[in-house]
Each structure stands twice: as structure tokens, then as C-alpha cells.
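Visitor: Take the two lone chains, each set in its own frame, and fit them into one complex as the hints suggest.
Chains as they are written, first to last, in the numbering used here: chain U, 1 to 225; chain G, 1 to 126.
Hints are not guaranteed to be accurate.
Some chain U residues close to chain G (C-beta under 10 angstroms, calculated; not the full set) [said to hold, decoys possible]:
1) L21
2) N52
3) T53
4) V54
5) P55
6) L56
7) V60
8) I61
9) A68
10) L69
11) E70
12) S74
13) A75
Taking lysine-lysine pairs in the DSS-like style, the calculated list, with each CA pair at most 27 angstroms apart, reads [claimed, not checked]:
14) U:K178 <-> G:K2
15) G:K2 <-> U:K79
16) U:K178 <-> U:K222
17) U:K175 <-> U:K199
18) U:K186 <-> U:K199
Calculated directly from the structure, the hints in this document are not laboratory data. From the three backbone atoms N, C-alpha and C, an ideal C-beta is built for every residue, glycine too.
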Amino acid sequence: MTVTLIRAIVLYAAVIFLIRLMGKRQIGEMQPSELVITFLISEIASIPMQDNTVPLINSVIALFVLVALEIFISAIGLKSHSLGILMQGRPVIVIRDGEIDMKALGKLRITVSDLVSALRQKDIFELKQISYAIYETNGKLSVLLKPEYRNVSINDMGITPESNGMPFPVICDGKTAKYALQELGKSEGDILSVLEKEKTNKEDVALMTMNNAMQAEIFKTKKED
Amino acid sequence: MKRVIIASVIFLFAVIFSISSSYVFKSDMNTLFDSLNEILTSSDSGEKSELKEKIDATEQLWNEFSPVFHVLAVHSGMEEIEQSIMALPVALEHGENELLKEKCIDAMTQIKNLLEAEEISFRNVF
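Excised from the complex, chain G in its bound form (with noise of 0.2 angstroms):
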């Protein structure tokens, strides 16, 4: 019996974390995605200053977030993300609009791949 109460515990435990990291690795994802959508959609017509302070909320974001979904999804996926995230303030330093956008739309894509992973499908389950 002492054993079936630890197993169920430990089954509980499972299933709790596997729901609420879901939960939190899509919201903190679906953050991410926003913060850089706006940076793409302000790269063509907004001012520098603005640009910045929007990459560099998008960073804070991103350090705030690495190391929960480091622990959630699959590091390579993330280092890809965090590489095009790096590169943003360097392409707006050198006034490479097409890399900045280049680069938000490769970041973009990346998370929403890992948040298509994430999603309880028959082709993910199977």
C-alpha cells in the first residue's frame, strides 16, 4: 500500500508538472512571439530610439524566460532563438533593417515550431 501511495504521488507529481510547464512555457512563448512581432512591425516605419527600447525588452524578456524553457524544451531549439534574438541589436546598430527583420522572422518561426511541439495533436502524440 505504502508502495501504490508513493507511485501515486509521484504519477500526480507527473502529471501536474507536465500541465502547468505547458501552461508556462506557452505563455512565456506567446510573450516572446509578440514582443518580437512588434519590432518587425515597427522595423519599417518606427524610429530608432523606439526600435531599441523594443529590442531590448525583447532581451530582458528573453534572460527573464531562458532558463525556464531551458528545462522545458530542447536546448538546441532555444540556442537558435537566443542567437537570433542577440543579433537584433547589432543589425539596428548597423542600420541592417532587412538582417533585423531576417533575424525576428527566424525567431519567430523557431518559437512557434517548438509551440506547435508543444500542442496535444495527433501528430505530435503519434
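Same shape as in the complex, but just chain U (with noise of 0.2 angstroms):
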């Protein structure tokens, strides 16, 4: 038993450090090499873990060679266009001008009524509405509404206004959150003289946010009586 333990532990270890090697991506967003690869790690890692005769090793490398032949691919596709589309397709645009595109349909076996589902998903319950509609390779569908359909922006009303960057959490749970003060541009002390004004202290601050323009916002910790 203390070796499935060790095993397991062992596996955890190589398993996590391949899938943050291979970066940082949602399953809904994985290519379809990317995917295969996540199910094939927890297949293979899943084998050793449940037999005990089956050498670790064997899995590792099969897992390490995996992962490694994976990143090679998407490094050499991000240089060659062509592997890139070879590994990965390329998107489709499914609704042109408004109008359905059956043989693109056709080419990725999608129904029309699929093709509805997806735009229902995405609030789209007109087809008259839509000017350009894409399946990328990740088989998601993304849509361009036609100009009368789209959203006012701040642009569209002339509006010019004022951007103070992003706000980053720089106290969370009391904790200064070293990598915002660095994004910042900001030290330590400069929260601390902004919690000063607001006479808080760092402890009793759950959330803490700032800009560039040291706007701050201040949530504290609800103390129970």
C-alpha cells in the first residue's frame, strides 16, 4: 500500500509538472493535438497507479516524450503556417454576408440546426442579425453581428475617456500581493500611506485594489461580533 502511496505521489508530481509545461489553457480552449494529449496523460499516468508491476518509469517517459513531442509541434506551427494549419485546421466561416454556407457545413459535418444551437448560446436567436459567423479550430463559434446589430460603444457616442490602467488586487486577505505591486510600479509603502488616509488597517483588508492613478478600492474583512 505505502508503495501505490509513493506512486501516487510520484505520478502527481511528473503529471502536474507536464500539464504547467504545456501551459495555461481552459479545455474548451485546447486545440484538438492539446486535448488528445491531456487525455492521454491521464491515461497513461493511471496505469502504473493501478498496477504495481508496471514500471513507473515506463509511464514517465512515455508521458515525458508525449508532453515534449506536443510543445515541439506548437513551437514549430507557430513558425510554419503550414504545420500549423496541418496540426491544428484552420477556421471556417460558416455564415458569409448573412448567408449560410451549406458546403462549409457539409465540410464539418455540422447540421443547421447545430449551427442554431451554437448562435443560441451565444444570445443569438436571429440569423438576419449576423453578418459573419466562424467555427475556429478549437470548435468554437465566433460571431460578427451586422453594424446595425452591434453594441453602442464609448467610441460610437465620441466620448473620450479618461484610462487609469487596470486596477490590481494588491492586498488580498491581508496579504500584499507582490506580483500586482510589480505590474503596478508601486512599493509597499505607497499602500500603506493610502490605508493610512483611509485609517484601515492592512490586516483587516479582504480585498484592495489600485491603478496606475493609486485609485484605490478598499473591501475589509467583516469582523463578527
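Guide: Now the structure itself:
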């Protein structure tokens, strides 16, 4: 039993390392090859965990090779457009100028009903609103609405808003988030001066966000009576 | 780029480990095979003391190699070889010459099977 425990720890470490090496992507955002590799990793890692007679190194080597190849192929795909298309396919336009391209749908083996369902999931219930719809290589549908159906933007209204950059969470649960300070180019002293003005202790802060203009929002920890 | 470098390192490690482990496995298994073969050939003609020496040497070889074998090959295959080798001194002690030969042949067959499974051949790859 202890052997199983140690094997599980080793495999966990190997799998976490390899998944981190592959990069951050949600399942729905993965390219087909990445999805297959992810499933294979879990499958290969489970074999020596279930069967102690299988050498651990066999699975670890297989995992290493699979992930390394996946990284090589994606790196080459960045340089070589044709390899990228070969490995990941290319986006397919299924609605062009408001017209459904039945030939493109046929190639993707997608029915009109599937397309309509995917559009509904994007809160589009009328085809007449659509200018272009494109099936991306990860299977997601991107839609460009006709100009008359698009949301009004600040730019359309001719307003030039002031931009103070993104607010970063500089304190979480009473602890300073150093990466946020680095992003903002601020120091711990800057935060403390803001807190002093607000007469708040750092330890009492649940969340404090701050932008480049030092505009801060503070959410205090709710104290129990 | 950092990822590609790490991937290259782990790929290189995998390739070097696979090739070197395969070489070590084959070489050690062949040594063990030869040692068992010596026992088999001298089982009819050899002296009991000479046979005992050879069996002890084979046992020693097994004890030396088995940790590496267990890392590289399926453990069930190793257990069969181990059982056969461990039965050799018992068979010699009880004068069971036929059993001694049988156990030698069993271990040698198993070693041959494992060596064949390590070969890069059409049958093994596909």
C-alpha cells in the first residue's frame, strides 16, 4: 500500500509538472492535439497507479515524450503556417454576409440545427443579425453581428474616457500581492499610505485594488461580534 | 522559448534514458543467461561443489541486477525468473538434477522472452 502511495505522489508531481509545461488553457480552448494529449496523460498516468507490477519509469518516459512532442509541434506551428494548419486545421466561415454556407457546414459535418444551437448559446436568436460566423479550430463559434445589431460603444458616442489602467488586487486577505505591485510599479509604502489615509489596518483588508493613478478600492474583512 | 528548451531537455533525457537502459538491460540479462547456461551444461558432468559455486554466482548476479531489472521491466516477468533461480540451490541440495535443469531452462526461456520484447522489431513496435 505504501508503494501505491509513493507511486501516486511521484505520478502526481510528474503530471502537474507536465500540465504546467503545456501551458494555461481551459479544456474548451484547447486545440484538438492538446486535448488528445491531455486525455493521454491521464490515461498513461493511471496505469502504473493501478498496477504496481508496471514499472513507473515506462509511464514517465511515455508522458515526457508525448508532452515534449506536443510542445515541439506547437512551437514549429508558430513558425510554420502550413504545419500549424496541418496540426490544428483552419477556421471555417459558416455564415458569410448573412448567408449560411452549406458546403462549409457539410465539410465540418455540422447540421444547420447544430449551428443554430451554437448561435443561441451566444444569445443570438435571429440569423438576420449575423454578418459572419466562423468555426474556430478549437470548435468554438465566433460571430460578427451586422453593424445595426452591434452594441453602442463609447467610441460611437464620441466620448474620450480617461484611462487609469487596470485595477490590480494589491492586498488579498490582509497580505500584499507582490506581483500586483510590480505590475503597477508601486511599493508597499504606497499602499500603506493609502491605508493610513483611510484609517485602515492592512490586516483588516479583505481586498484592496489599485490602478496606476493610485485610485484604490478597499473591502474590509467583516468582523464577527 | 523557455518551454521549448525544457521540452528539449526532457525529450533528450527520455531518449538517452531509453537507449542506455535498453543497453544495460540487455547486457545484464545476457550475463545472467550465460551464467544459467553454464549451470545447465555442467549439470550432467560437473561436480556438486562446482555446480554449487556456479549457482551461488548466478544468485549473486541476480541479487546485483534485479533492482535495475525491476525498474525497467514488468515485475511479473522478473518474479518468474527469481523463483526459478531461487529453486536452483534447493534442487541441487536434494540431488534433483532434472528439476535443476528444468528451473534453469525456465529462467533462460523467460530471459529470452524479455530480451526479445526489448528488441526494436516490427513485431514489438506494432
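Visitor: Starting from the hint list further up, note which numbers the structure goes against and sort them upward.
Guide: Failing hints: none at all.
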